[in-house]
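Hey, can you work out the whole structure from these sequences and the hints?
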Amino acid sequence: MLEINNLCVSLKNNNTLIIKDLSLIVPKGEVHAIMGPNGSGKSTLAHVIAGKDGYEVTDGEIIWNGTNILNQTPEERAAFGVFLAFQYPMEVPGVAGLTFLRTAMNAIRRKNDQETLTTPQFMRLVKQKSADLHIDMEMLKRPVNVGFSGGEKKRAEILQMAMLAPSLIVLDETDSGLDIDALKIVSEGVNTLRGADRTMLVITHYQRLLDYIIPNKVHVLANGQIKGSGDKNLALKLEKSGYTAYAN
Amino acid sequence: MKAITERTEAEKSLIQYFEQFSAKLPGNNTVKNIRKSAIARFSQLGLPHSQIEEWKYTDLRSIITHTFAPPEQEQATLDAFKLDLQLNHAINIDATRLTFVNGQFDSILSDKADLDNFDFKPINLALKEQNFSNAQKKVYTSLNNDPIGVLNTAFMSDGALLNLKSSPTKPIHIVHVTTGNRPAAVTTRNIVYFGKGVKVTLIESFITIGSQPTQVNSLTQLFIAPNAEVNHIKIQRESEASTHLSKWLVNLGAKSSYKGFQYSQGAELSRNEINVNFKGANAVADVSGITLLHGTQHCDTTMVIDHSEPGCESRELFKFILDDCSRGIFQGKIIVNSRAQKTDGKQTAQALLLSSSSDFNSKPELEIYADDVTCGHGSTCTQIDPELVFYCRSRGIPEAEARALLMESFAANALEKVVDESISETIIKEIRDWFVELTTCKEH
Ligand SMILES: Nc1ncnc2c1ncn2[C@@H]1O[C@H](COP(=O)(O)OP(=O)(O)O)[C@@H](O)[C@H]1O
Ligand SMILES: [Mg+2]
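As given, the protein sequences belong to chains F and D, one line each in that order. Residue numbering for the first sequence follows our numbering, beginning at 75 and increasing consecutively. Residue numbering for the second sequence follows our numbering, beginning at 2 and increasing consecutively.
What the hints contain is simulated information worked out from the structure, not anything from laboratory work. None of the values given here were measured: they were computed from a predicted structure. Some hints here could point you the wrong way.
Some chain D residues close to chain F (C-beta under 7 Å, calculated; not the full set) [as the list claims (entries may be wrong)]: (1) 129; (2) 133; (3) 135; (4) 367; (5) 371; (6) 389; (7) 395; (8) 396; (9) 397; (10) 413.
Think of the CB as a built atom: it goes at the ideal place given N, C-alpha and C, for glycine as much as any other residue.
Structure follows, in structure tokens:
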């Protein structure tokens with residue numbers, strides 16, 4: 075279970091709160107959507123869950139599987155099952171996708187006292203997962219995300235997720251920049267990972283994604299606070315009415 | 002150039018060392034005279050200083066305050082085991098090894114069996130031969146305006162003279178090792194002739210054993226005949242008590258191809274000069290390098306690419322990773338002669354600063370006298386992107402490993418220039434060792 079209690083976040087060296095006393099519970103195995111207007115703090119929430127520097131958590135806690143993860147480094151959180159699919163996946167020139175994936179997987183396995191994968195084991199896994207996501211193996215021999223289209227970057231993120239098999243998944247606007255075909259492939263990839271052991275937070279600005287990844291619950295985030303919660307129909311309602319009702 | 006009348010103590014002692022040791026230096030009468038004129042020239046020029054444009058960032062005149070005598074011809078204390086240990090990853094390069102210990106050829110530490118396959122002679126023997134042609138003479142006297150070059154001519158004790166008329170089956174690996182039992186100045190000269198159409202990989206390694214200060218002056222002259230393909234790699238891992246002055250003089254025949262690469266991580270002060278001269282049309286030179294510095298290390302790479310023939314292509318790509326208070330310098334000059342139409346020259350120098358106290362100076366210079374040319378240069382100075390570090394860490398890669406990965410990523414396209422896989426593997430392992438050392442130092 076993911077439990078966020080009274081979370082308050084500002085930027086470092088700036089007292090203005092971006093996340094204001096936010097509380098949220100996502101039971102194990104459930105998928106919750108967070109919808110909200112631009113600038114409402116969605117990415118900030120995602121970053122703070124993953125442990126990004128540059129933010130100050132002035133109050134509150136983030137409890138994942140019984141542990142407050144706020145004191146963990148990002149790599150500790152990753153080994154503890156946390157995965158953030160970036161709104162803007164980074165390009166890593168000079169590091170082949172396969173090398174990056176393998177370095178990450180083995181780092182996590184070492185941290186969890188698991189044996190690292192042999193090359194054949196790794197290759198078998200990556201071949202299968204990339205086929206599921208319609209990713210050409212040649213693409214993975216190229217540097218991470220360099221020269222990829224927006225859609226390719228998002229699929230590459232989902233591949234990383236499928237390979238690392240995390241238990242807490244945060245998707246930050248994974249649908250942005252995707253055409254309908256790519257959206258279906260990505261959603262399928264996400265849905266494959268749905269299960270009793272996985273908890274997901276799906277951040278999106280548009281309802282469209284939720285036609286493919288059907289959430290157990292939808293929360294509206296505006297101005298750094300959860301302004302309302304409901305079932306998937308809330309998303310449809312928001313699509314019609316917009317976010318103006320939630321302003322301030 | 003303004004004549005400097007007042008000589009520094011270091012300059013005086015270099016001249017004095019010559020008087021003291023010249024009788025012991027190898028050479029026939031012609032060579033003795035060449036040496037004498039060289040030291041006379043040095044006494045006119047003195048050590049280079051920052052008022053000389055090419056030495057703007059490396060004022061040897063003020064940096065070099067102590068000079069050392071040539072090493073005594075002592076019985077070698079070095080065995081193969083110690084040498085291999087010090088060669089570190091480079092022992093995995095399958096090559097014919099020519100080893101020079103304290104500036105003397107060591108046949109026991111060299112691959113004698115392979116030597117029959119090509120024309121090799123230690124330069125100390127060549128210098129003693131009586132029939133010295135004018136052409137040979139010219140090779141030694143062509144550096145008359147270069148103070149470090151003339152010092153090399155005055156003091157050179159040995160080196161490799163290679164005449165490669167056909168392609169050897171293996172790379173040739175010249176290993177320069179200084180044992181540092183006492184402070185010493187080691188001066189070596191390599192001269193290599195590459196015959197028409199030969200394909201050769203030539204590696205030069207510079208290592209030191211022991212922590213005594215050493216001054217290394219190494220000069221390598223390459224004469225590449227038409228259609229030859231040469232890979233030339235340098236791995237410099239001398240101790241931090243070392244001053245390393247090196248120069249490559251590369252002469253390229255028509256349609257020949259030259260790939261040079263310098264990996265530089267040792268020496269407190271190093272100066273790597275690379276001069277590429279196109280002597281025939283349609284030749285290609287691709288020179289690159291990776292320099293890793295920390296502490297107060299200073300490394301100056303200064304290149305001159307002289308396009309005097311038409312249709313030639315030159316590429317330069319140099320990467321510097323600079324930590325602590327270290328300083329990296331890249332000076333790259335491209336000269337395009339009026340008859341060198343269709344010249345295509347590009348140079349890039351990039352630095353990754355790991356500390357706010359490290360410093361990078363880049364000075365590109367284009368001197369173009371032809372109209373139909375494509376020439377360009379670029380230089381950047383960056384830091385490790387914290388967003389990228391976070392991206393890696395969010396995937397479970399620990400911070401130190403993430404930073405090392407990103408440093409490797411920064412160096413990657415220069416390393417790609419090394420075509421021989423066993424050599425690029427060697428260099429990547431050296432780079433990784435350096436990163437590990439860096440982080441373990443920081444943790445303590
Ligand atoms: N690094 C930053 N520097 C300045 N302002 C920031 C930074 N990160 C977030 N903000 C501000 O915090 C608010 C929330 O941003 P963000 O979490 O990116 O919103 P969303 O993802 O919902 O669009 C915005 O007003 C944004 O301008
Ligand atoms: Mg956002």
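Results of checking the hints against the structure:
{"no.": "1", "hint": "129", "result": "violated (50 Å)"}
{"no.": "2", "hint": "133", "result": "violated (50 Å)"}
{"no.": "3", "hint": "135", "result": "violated (49 Å)"}
{"no.": "4", "hint": "367", "result": "violated (27 Å)"}
{"no.": "5", "hint": "371", "result": "violated (34 Å)"}
{"no.": "6", "hint": "389", "result": "holds (5 Å)"}
{"no.": "7", "hint": "395", "result": "holds (5 Å)"}
{"no.": "8", "hint": "396", "result": "holds (4 Å)"}
{"no.": "9", "hint": "397", "result": "holds (4 Å)"}
{"no.": "10", "hint": "413", "result": "holds (3 Å)"}
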